[in-house]
Structure formats: C-alpha cells, structure tokens
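Please put together the full structure from these sequences, using the hints given.
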Amino acid sequence: MLIPVLLSGGVGSRLWPLSRELNPKQFLPLAGSLSLLEQTMERTKSLDAGAPIIVCNDEHRFTVAEQMRGIGTNPDAIILEPMGKNTAPAVAVAALQAIKQSPEGVMLVMPADHVVRDVPAFSAAVAAGMTEAQQGRLVTFGIVPESPETGYGYIRRNAEVSPGNYAIAEFVEKPSLEIAQQYVDSGDYYWNSGMFLMGAQTYLDELQVLAPAMLSAAKAAFDAANDDLDFVRLGAEEFSRCPSDSIDYAVMEKTEQGVVVPLSCGWSDVGAWSSLWEVGDKDTSGNVMVGDTLLHNTENSYVHSNSRLVTTVGVDNIVVVETPDAVLVADKDQVQDVKAIVNSLKAADRTEATAHTKVYRPWGSYESLAIAERFQVKRIVVNPGQKLSLQLHHHRAEHWIVVSGTAVVTCGDKEFVLSEDQSTYIPLGTKHRLANTGVIPLELIEVQSGSYLGEDDIVRFEDVYGRSN
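Numbering (full-length UniProt numbering), first residue to last: 1 to 469.
Honestly, the hints are just simulated from the structure, not real lab data.
Errors might be hidden in some of the hints.
To be verified - Distance condition first, Cα-Cα at most 30 angstroms in a straight line; then the derived DSS-like pairs of lysine-lysine:
#, residue 1, residue 2
1, K431, K358
2, K100, K45
3, K339, K282
4, K332, K346
5, K358, K332
6, K431, K414
7, K219, K100
8, K346, K358
9, K414, K174
And the structure:
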C-alpha cells in the first residue's frame, strides 16, 4: 500500500510578511485557490494511495485538521511534534504509524509546502519509483534542473540501476553559480527535491543501522503517545531526547540502497518570493500581480496586495508584499535575505514575526481592528456548531455586538441568545462562553477594556478542543 506522508513543520520565514510562525506558508493559497498543504494532498488523489499521515507542529494542529476537512480528506493520523527535530525523526514516527496501517506500506514522503505544476508527470515518477521501493531501495526524486540554481542542494547520479533510475553517487550542498552551471551542463546532477519513496519498515531498518539512538528515541516517543481528539500527541520527554537531523544527513547520504528517480514536473519549493514570481502567471511586462494592484511602467516584478490597493510606478525587478500590519519591498534578487528581517523582529519581540492581525482558532478566527493602551476592538467569527472555551479574564471586561448569525451566550449563571444588532456586557472576572449553534457563521464585534489586553489573560474551565491555556 502507498501511504502519503506530509511533513508540515516548516515556518517559511523567507515568505514573510505573508508567512508567519502561527500561519506559515504551507497553509496559504500562494499558488492557486488551495493552500500548499491542500495542493500536496490533492495531487496524491491520482495515485492508488491509502489514508495520509501528517506530521506537524502542535500549534498548527487545528489548521491542518480544518484544511483536510475542507478537501474531504480523513487522515490516518495527524502526529503532533512537541518540538522540531528535523525531518529524519519526523519520518521515523510516521513510519511507525504507517506500519500500523499496513506492515508492507510504502511511504511517499513530501514536504507540505512545495508546488508541482505537472501532476501527471509527478504521478508517473512515483510509479517508476514504486518498483525500486518495493525491492527495498530508498528512493528520492531528483528534479531535472531548468537553470543553474544556487538556492538548492544537488544530487549526483551514479550508474543506472534500472531503466531511467540511478544509484546515488553523492549529495552536494548549495553551490556557487559557476559550479551550478557545471552541474547543469554535465547532465549528471539533479536538484534535491526533499521528496522520498520508501518502505516504512525499510526506513526503520536503515535507521537502526545508521542512527540507532534516533530510532530508539522516536520509538519511545511513539509508544508514549496519546490520542487527543483527532491527533496523536507524541511523548514530549521522550521526543526531546531524540537527536535532530535531516533525512538526507541521517540516512540518504549513508545508505547503500539509495536511488534517485529523475523528475520534471514544474516543481518549486517556493522558498522565496522570487520562486513565486517564477511559477506565477505573468503579464506582458513580466509582472505577477495578486490582489488589488495597479502597476504603471513596471517590469519583472511580484506585487501582492492582501488588504488594500498597492500601486507601483517606474520600477523593475522588485517584490512588494502588503498585509494589514506590515509591508515588504525588496529587490527580487535579494529576497533570500528576508529571513534577516524576521530575525530582527524576533530579537525585538515584535508580534509581526509570529502572528497576523487575523488569527485562526479551532472554532473560527479573530481579527484585531484597533488597539490602544486600555481598549481593543476585534472582529470575531465563530464557525457553525463551534464554541469557545468557558473562561474568565482577570484584567479586562468585554462588550459583544452581534453583526450576523445567532450567539448563545453564557455569562455567569445565565445563558441567553443574541440575534443580529443585539449586544451584551461581560464583566471582568465573570465566567463566560460564546457558542454558535446555527448553520451560518456567527460574526460579532468585541470591545475589550481594561488594564491588560493580552491573549494570555485567559483562565479556561472547559474546552472541547483540549486546550489548557
């Protein structure tokens, strides 16, 4: 059985300000109407595959679950990592889960934040690699290079092991432009895609030989896991003892069973804004435009508007990305350095590094509209059938005004219903809850007032999503 394994642990800092820690690039519709995670899952539907296994950060669990629900996918497991340990341990716990689904299962391991424009070509390469994987080989997919790219690692092929498939000679780090050109000219090198095809047991057997301490810790964390709603929560203490390493370094560079299958499918890891310009639909001047934009005398640029009109005049080869709380303007050839901006924001403890003004929760979302020293205004949307935790605040009171839908409100020992244009007051220190029992989204405006308005001023008493803080 072919089992898709989606790795969704990245933060995509080079795509700031759109991608942020709490809502990274794999959850964003950057190259179409679906998010990159949804696209990754959708392209497996042309394969004869079992239910997917997804490995993700604990903070992202509800986003993953909601996006899978939105495309009609029921994962075999959503495995929650207590902390990031790179790809080799993530694939190890996925392999342990895959064996429970099928002892002979073959994992198709894919980062959840890549773009593949030619899905039939991708499917054909997977079919070509299946024969190798079923014979106990560890397959990686090498992207046939379209240019001397310096932002990717490379794989050098060795002798053919079967028609069109090659043994791996070596993995090569990101080269200089001159060396990258030599790689492309030789025809023996491929971009390292970070996608793999291998038997679950085969991978675990290789780990036992090449990284036994990693396998031991991964097994201990998996054995200590507990089910939490739709999630598998790994043992935190056990996983913390797991060595951190990539699957390339821990296994693929050392194994004698490695095979590279060439792949030409319009692939991109969308690792920077220039990558999105490359895969985007361009106008006659070479511009990619997203959202409400107006360009004049502008060429070879990427302009992305999220919340307002963005205009450019007389510029070339730039990137402009607008969000409600931050704007990026960069030379398209220097967008790899956006990560430096994110690091500076983190050092200054600025929220723009981690969260948007609109924050998604398992029950819906909230968006900050205005904030000052002693008040904040939010737009809250509660999805049908969902409810917030029963909670109280020590430092703030709240006014709720229903804009659309119907709210079921708990305030102290009272429960009552609010309809459109009705409002209520939640005093400081009072237990309260908001619920939407209707069939349409509930939208309301919340006005907070008090001495402290932080999100950590929440004491939860009951929560259907298992949150304690």
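Hint by hint, where does the structure go against what was stated? Just the numbers, ascending. 9
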